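S.K.: The chain contents come next:
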Amino acid sequence: MEAFNTHTGRAVPLRRSNVDTDQIIPAHWLKKVTRDGFEDGLFEAWRKDEQFVLNRPERKGATVLVAGPDFGTGSSREHAVWALQNYGFKTVISSRFADIFRGNSLKNGLLTVVLDQKTVDALWELTEADPTAEITVDLERRKVLAAGIDADFELDENARWRLLNGLDDISLTLQNEADIAAYEAARPAFKPRTITV
Amino acid sequence: MGRTLAEKVWDDHVVRRAEGEPDLLFIDLHLLHEVTSPQAFDGLRQNGRPVRRLDLTIATEDHNTPTLDIDKPIADPVSRAQLETLRKNCAEFGVRLHPLGDVEQGVVHVVGPQLGLTQPGTTVVCGDSHTSTHGAFGALAFGIGTSQVEHVLATQTLPLARPKTMAITVDGELPDDVTAKDLILAIIAKIGTGGGQGYILEYRGSAIEKLSMEARMTVCNMSIEAGARAGMIAPDETTFAYLKGRAHAPEGEDWDDAVAYWKTLRTDDDAVFDAEVVIDAAELAPFVTWGTNPGQGAPLSAHVPDPASYEDASERNAAEKALEYMGLTAGQPLRDIKVDTVFVGSCTNGRIEDLRAVAGIVEGRKVADGVRMLVVPGSVRVALQAVEEGLDKVFKEAGAEWRHAGCSMCLGMNPDQLAPGERSASTSNRNFEGRQGKGGRTHLVSPQVAAATAVLGHLASPADLSDVATPAGV
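Going line by line, the protein sequences match chains H and B.
Every number in my numbering is 411 more than the matching position in the first sequence, counting from 1.
Every number in my numbering is 925 more than the matching position in the second sequence, counting from 1.
It is worth saying that the hints were derived from the structure and are not from the lab.
Values in this document were obtained by computation on a predicted structure and should not be read as measured data.
Misleading hints may appear alongside valid ones.
Coverage of chain B stretches by chain H, computed from C-beta distances (three or more under 8 Å per stretch; other residues unrestricted) [as the list claims (entries may be wrong)]: (1) 1069-1077; (2) 1092-1106; (3) 1295-1304; (4) 1307-1313; (5) 1336-1345.
Even glycine gets a Cβ: it sits at the ideal position worked out from N, Cα and C.
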């Protein structure tokens, strides 16, 4: 996983709530067996509308998505995270994320930042009025900074540490091999098994 | 202080707990399907890691599989390649697989319980958000992303922060025409699509205790639509009776040990939930969705709401966008909404009781002119049972299409899709824009409402059928 420290970039203000993962990446894209090449599927249905914010020339190259509440609801597809990253987004800001989406994001180094809706509104107003306005997301100091905006955000220390260092969860877990083996040895005999080994 | 059901199951699976770290949880059962696993197997290969516990892992094919002509090669080369990738990965790593054409194939959340693999007090994961279904057995079951699929394959564990707990207490008697689907749709409308975020839900109360196992699975299935990764119901005699004798249920002494443990899996009287929602079963009615998220629902007897009536700006905006997408007008009676397609199936409502309910309503009646009705069993076993009971004949005589098992029209990954602008009444779980095909419009309904809607051509409940042709001999 790529480490995340601090990022500054222009924004895409997405004034929609309940953006489900079917909108982020429609199901027919899920037939691919790789983690890349999903950028053209990002918000595919909405991008058919020329006026959709992502299609505006002034938003080209933007890397910070500022979305409405309940972003990433629905399907557990990690392809939604890959699509956002493949397109070039480094971070997503919202007042509330769906649990599975948020977990998937943090495992891939896409930083999801929770801010209160008032701050999200302020970021929308700022970046709609001035598409060149930049937003800085500083994970080290847990701060979001933009013209006239200085907001703190929370992220648990363990998740922050893993992101700052770009650590791979599986390697970390395998350091606890002895704990896993001990747990396995003590499991009751009546627990289900799919095959006899 | 006492503990809730979720806390008990959680505590029993902690492999390692350390200050400042998420708990490391052991996973008892890992279900795989073709869509969310290929990149996980690639990760194992790149790092030279094996699957740690093949005996706790099982795969099937469901999302991409066609429901017609299953003996012919799959027409879509991309779908075919994804299924072939799963077959190749399972063969290479040694994972038990039930592919298309196998008697145990079906929607992954129908297959686990019917094999008896889903058991009380287990942790169950799958790269699919409807894994919450298995919580009906008192299992802690939740959907995971592909990175976590790889993590479980490699370590049989997951590092997780413990969620809060929420009680959804449903007391009283459900009225005769109200089903588990109506109940869960009403719960989602009440707490909202984000209401359960950060929580494990526990459905409890006298109305829940009276539900069959299959009805309980319908309720837990849609926990994710309320934002909760997991929903659970305490195991009881109904659960034990369902499991007894199934292929992977414990036997002999193991059965006795298992039941003794399962009986401890109840929320203690002095346990405290972080939140509680109370619902009076008697006040519920057949429920349908009108919008583009599962929280946008109302009783069938209601009207399409006026977006202006919402005080919250973001809800108002969402309702406006939903009505525009759905092609509906504020104030229109929901019963007046005409449909083109009726879909019966999915991990929500593709089990034998669902098919029996639908057959009971369409028997001796005809699907309305201009309406296409698809009946898709959740698994091959469900299909075989339905055929044994003659339900397939009932569906065909009514003019419905009887298909092979799979996810089918629940999501647009296989040939069963809505055309742009087409409208469905669907027993599935998501009415998102384009979910059933680009531009398709979905109304989520119970199997009973789906059946009545198919006969009348507009959203309807079985009670609306009283003045049309009564089936012979009834």
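S.K.: Each hint should be assessed against the structure and marked as holding or not.
M.R.: Outcome of the hint check:
no.: 1; hint: 1069-1077; in the structure: holds (count 7)
no.: 2; hint: 1092-1106; in the structure: violated (count 0)
no.: 3; hint: 1295-1304; in the structure: violated (count 0)
no.: 4; hint: 1307-1313; in the structure: violated (count 0)
no.: 5; hint: 1336-1345; in the structure: holds (count 3)
Going through the hint list in order, the structure does not satisfy hints 2, 3, 4.
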